[in-house]
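Student: Sequences listed follow chains A and B, in order. With the first letter of the first sequence counted as 1, position 312 gets the number 963 in our numbering; the numbers rise by one all the way through. With the first letter of the second sequence counted as 1, position 56 gets the number 121 in our numbering; the numbers rise by one all the way through.
Hints may contain errors.
Said to hold, decoys possible - The list that follows gives simulated cross-link-like pairs (lysine to aspartate or glutamate, EDC-like), each with its CA atoms no further than 20 Å apart: (1) A/702 - B/105; (2) A/867 - B/96; (3) B/171 - A/689.
What the hints assert, rightly or not - From chain B, some residues computed to sit far from chain A (all C-beta separations above 12 Å): (4) 125; (5) 135; (6) 165.
Hints are computed from structural coordinates only; laboratory data are not their basis. Ideal Cβ positions, reconstructed from N, Cα and C, are used throughout, including at glycine.
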Amino acid sequence: MSNDFAQFQDAFFEEAAEHLGTVEEGLLQLERHPDDMELLNRIFRAVHSIKGNSGMFGFATISQFTHKMESVLDRLRNRQMAVSGPVMETLLKATDLLKTLIEAAKSNAPTDESVVGLLSQQLDTCQTTPSASPAAAQLGPMKTDQRGRRTSFLISWVPPRNLFRRGLDPVQTMRELERIGTLAKVKLDSSRLPDITSLDPEECYLAWVFDLVTTKDQDAVEAVFEFVREEGNLRIMEVPIEEDPAGPAERPSHPNGDARSESGRKPLGEILLESGAISPPALSQALAQQKKLGEILVAQKAVTPQQITQALEKQEAQAKKLDSTSIRVETGKIDKLINLVGELVITQSMLSDLGARFELRHLPLLLERMAQLERNTREIQERVMGIRMLPIGTAFSRFPRLVRDLAAKSGKKIQLVLSGEETEVDKTVIESIGDPLTHLIRNSADHGLEPPAERLKSNKSEQGTIRLNACHAGGNICITVEDDGRGLNRDKILAKAVAQGLITEHDKLSDDQIWALIFKPGFSTAEKVTDVSGRGVGMDVVKRNIEGLGGTVCVRTAPGKGTVFTLKLPLTLAIIDGMSVRIGKETYIVPLLSILESIQPGADAIKTVVGKGELVNVRGTYLPMTRLYEVFATEPEHTDPNEAILLILEAEGERVAVMVDEILGQQQVVIKSMEQNFRKVEGIAGATILGDGTVGFILDVRGLLDIARRAELMAA
Amino acid sequence: MGKTVLIVDDSATMRQMVAFTLSSAGYDVIEAGDGKEAVDKISAGSKPDLVVTDLNMPEMDGIALIKELRRMPSLRFIPILMLTTESSEEKKKEGKAAGATGWIVKPFNPDVMLKTVAKVLPA
Chain A
652 MSNDFAQFQD AFFEEAAEHL GTVEEGLLQL ERHPDDMELL NRIFRAVHSI
702 KGNSGMFGFA TISQFTHKME SVLDRLRNRQ MAVSGPVMET LLKATDLLKT
752 LIEAAKSNAP TDESVVGLLS QQLDTCQTTP SASPAAAQLG PMKTDQRGRR
802 TSFLISWVPP RNLFRRGLDP VQTMRELERI GTLAKVKLDS SRLPDITSLD
852 PEECYLAWVF DLVTTKDQDA VEAVFEFVRE EGNLRIMEVP IEEDPAGPAE
902 RPSHPNGDAR SESGRKPLGE ILLESGAISP PALSQALAQQ KKLGEILVAQ
952 KAVTPQQITQ ALEKQEAQAK KLDSTSIRVE TGKIDKLINL VGELVITQSM
1002 LSDLGARFEL RHLPLLLERM AQLERNTREI QERVMGIRML PIGTAFSRFP
1052 RLVRDLAAKS GKKIQLVLSG EETEVDKTVI ESIGDPLTHL IRNSADHGLE
1102 PPAERLKSNK SEQGTIRLNA CHAGGNICIT VEDDGRGLNR DKILAKAVAQ
1152 GLITEHDKLS DDQIWALIFK PGFSTAEKVT DVSGRGVGMD VVKRNIEGLG
1202 GTVCVRTAPG KGTVFTLKLP LTLAIIDGMS VRIGKETYIV PLLSILESIQ
1252 PGADAIKTVV GKGELVNVRG TYLPMTRLYE VFATEPEHTD PNEAILLILE
1302 AEGERVAVMV DEILGQQQVV IKSMEQNFRK VEGIAGATIL GDGTVGFILD
1352 VRGLLDIARR AELMAA
Chain B
66 MGKTVLIVDD SATMRQMVAF TLSSAGYDVI EAGDGKEAVD KISAGSKPDL
116 VVTDLNMPEM DGIALIKELR RMPSLRFIPI LMLTTESSEE KKKEGKAAGA
166 TGWIVKPFNP DVMLKTVAKV LPA
C-alpha cells in the first residue's frame, strides 16, 4: 500500500522540511505573541500535515510522535493550557527531534527509540500540567463530536428557480448525498409545475424530499446544499433511527415554497421552528455560533497596537513566504526569454544569409550583426541565470532560532534583525552559504556582544543587536553580519598572533592587516572556550568556505561600537571571471579572483633551495614556484622562467607562483564539471569550451598549492 | 477524455496553484488572466466544462464575466465557481444573481477545491 506512494516520498520530505520550518518559525513567534490564534493554527496545521503524510508512507514513529506534538498544540489552541516557557522549550526540542526523525527516515537510518520515548513522555507530562490560563474558554471552536451512530435525516429541498441557469444539477446534489450516506427514500414534489404553455424549460419547478441515512452530522448534510440553501427552501430534520421514518415523511412539503418570494422571505430559523424541526434552544445556540464572525470583525475594528504589529508581521511573513522546493518562474520572465530566443533566431538567419553571399565590402555589416549576436547571447544568459535565482531569505530562516538558543545559553539579550531577504541569488550559493553565516552569527553573539551588565555600563541598551543584511552590489551579492558589541580588540589580537607565532612583535601592521589575522587557522582570542565558540575553529573555515564559493570576506570594526563582517559572493557558481593563459599550444583558465599579480622574474630571482624546491623572489618574499607544463605534462614554449610569465596566485592565505607562456586575456567562462563527465583531476577545477571550440581547463588554485607543497616534500 | 476547466485569475500564483490542483486530479486546464482574456479564449474556440474565476480582476471582473458567459448559449448551463477571499453573504448573493454555481474561499485547501469541483461537475 505504502509502496504505491513511494514515488511521492521526495515530495513528502521536501514538504515536511517546509512544514518543519513553519513550525519552528511559528513557535519562536508564538513566544512573543502567545495569543496569536492564527499562528497557533498554522503551527498545528503544519504538524498535522506531517503526521498525516508520514502515516501515508508508513513512518509510524514520525506519525506517532507528531500526534503527541499535535495534542499539545491542540490544548494550547483550545486554551486548555497556556503558552509557557517550559511548554515552548519542550515543543522546540520536539521539533528538533522531529527533524532528526525525518532525516533518519529519508536516509533509512535507525532512530534512537529511547530519545523518542523520552520526549514523547515530556510532551505528555507538559500536557497534564494544569492550565495556567484562566480564560479556558472555547476560543477555538473544535468539533469533538465524532459521531459514530447512524441517523436518519429528513430533508425537504425546494431548489432555487434559477438552479439550471447557475449551472447546477439536482442529480449532482443527490449523488453528493449518496456519498455521505444512503438515500433511503427520494420523493419528487412536482406540485409547482405550471401549465405546459407557461412552462419555462430553463426554470426549476421541481422539489424533493429525501430520507438520508448517514453516520455524518447535520453540518455535513448542510454542506451538500452549500450552494443552494439560501434561496431554496431547505429543511433538515434529524430523526432517530429507531423511530419510524414513515411518520415525518408523510408531512407534505409546502406546496408553494418560499422560494417564490425572493425578497420577503421568512428567516430560515423561524421556518424550522414552525415546522418543529429544531427546538428554540438549538436555534439560539446555532445563532450564537453564527455571530462569531461578527464578533471577530468587531474585535478587529477595535484594534490594539499589539494587534496591528501582529497583523503587520503576519503580512510581512506572508509576503516573504519562500518556496525552495521548486523554482517558480514568472510567466513574464519566460515570455521575455522566448522573445529573446526569437531575436537570436532572426540574428542567426541574418548571419547565414550574409554568409551565403559574403563579399568583403559587407564586412561592416558582418561586424554589426556579430555585435547583435553578442548582445542577444548576453541577454539570454542573464535571463536564464535569473531563472535560477532565489531569494536569500531561505538561507536566513534558520537564524532566528539559532540566535534565540545562543541568547538563552549565554544569558545575553540578543535581537536579530533580518533585512534584504528578498535579494535574489543562485540556488547553489544559497545552499552553501548557511554554514559560514552560522559561524559569523555565533561569533557575533559570543565574542561580539557583551553581557547585559557590561552593556549597561558602557551606556548601551541591555539588548544587543545583530543585523543580517543582503543586497546586490554589481555582479555580486553582498551579505553583512553586523553587531553593536564591543568591537575587535586590537591589542588582544596582536598579542595572540605574536604568541602563536603568526607575526613577530616587530611587525608593523595596518589595522586591516590586524583584523585579517582573525581569519588565520587556529586563531581565537576568547578568554574562555564556551559551548558556542572560541575553540579557534570557525573564522578560518568561514574564509575558506567563502573563497571556495569564489567570494571574499572582510571585516570592519570600531572599538565599543561593533563589528561588521562583509561577505561578497558571485551571484552564480556556474560562470566565473577567468584569465586565459597559454602553455605551449594549450589554453588554461585561471580564476580571476585568485590572481594577485603577474610578473616576469629577473635573472637571479629563481632559487632552488634544498627541501623547498624552486622558489621565486618576489620583492623580498620567497614563494614556491610551480612549472605548470610539468604538472600537466605538456610541451611548453619556454622552460626558462626568465622568458616565461609567473602568475602569483593566492588561496587560503597562501601564495604560489605558477609559470605560463603567455597571458591571453580576461573572459567569462562557463564551468563544466570534470567529475561528472570524466573524473577528478588534481589541479583542475573544471573545463570550459573556448571561443575556438577547443576545451580549456580551469585551474584549481588550492590543488596547485597542494602540488607545490608536495614538491617541497619531494625535494626534501 | 478529461474535463476541461478554465481558470480565470489575475494572480499567476493563484492560477498556477488552482491549475496544479486540478491538473493533478486529471482535469485539463486552460488559464486566463482576466475576464476579457477568458471571453477571448472562449470566442477563439475553447470549450470549458467548468469555469473557476476570481472576482477582483482588471479589465473584466468575475461578476461581469459570469454574466457574459451566461449569455453564451454553449455556456448557459455549465458550472461556474467563483474564487473569493471573503465569504460574505453579499458577494455570494451577487454571484448567485449573476449565475454563479458556487464558490471556493481563498486561501483554498486542495481537497476542498477538488471536492467542490466534483460536486458541481458531473463525472
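Student: Of all the hints given earlier, name the ones this structure violates by number, lowest first.
Tutor: Violated hints (numbers, rising): 1, 2, 5, 6; every other hint is consistent with the structure.
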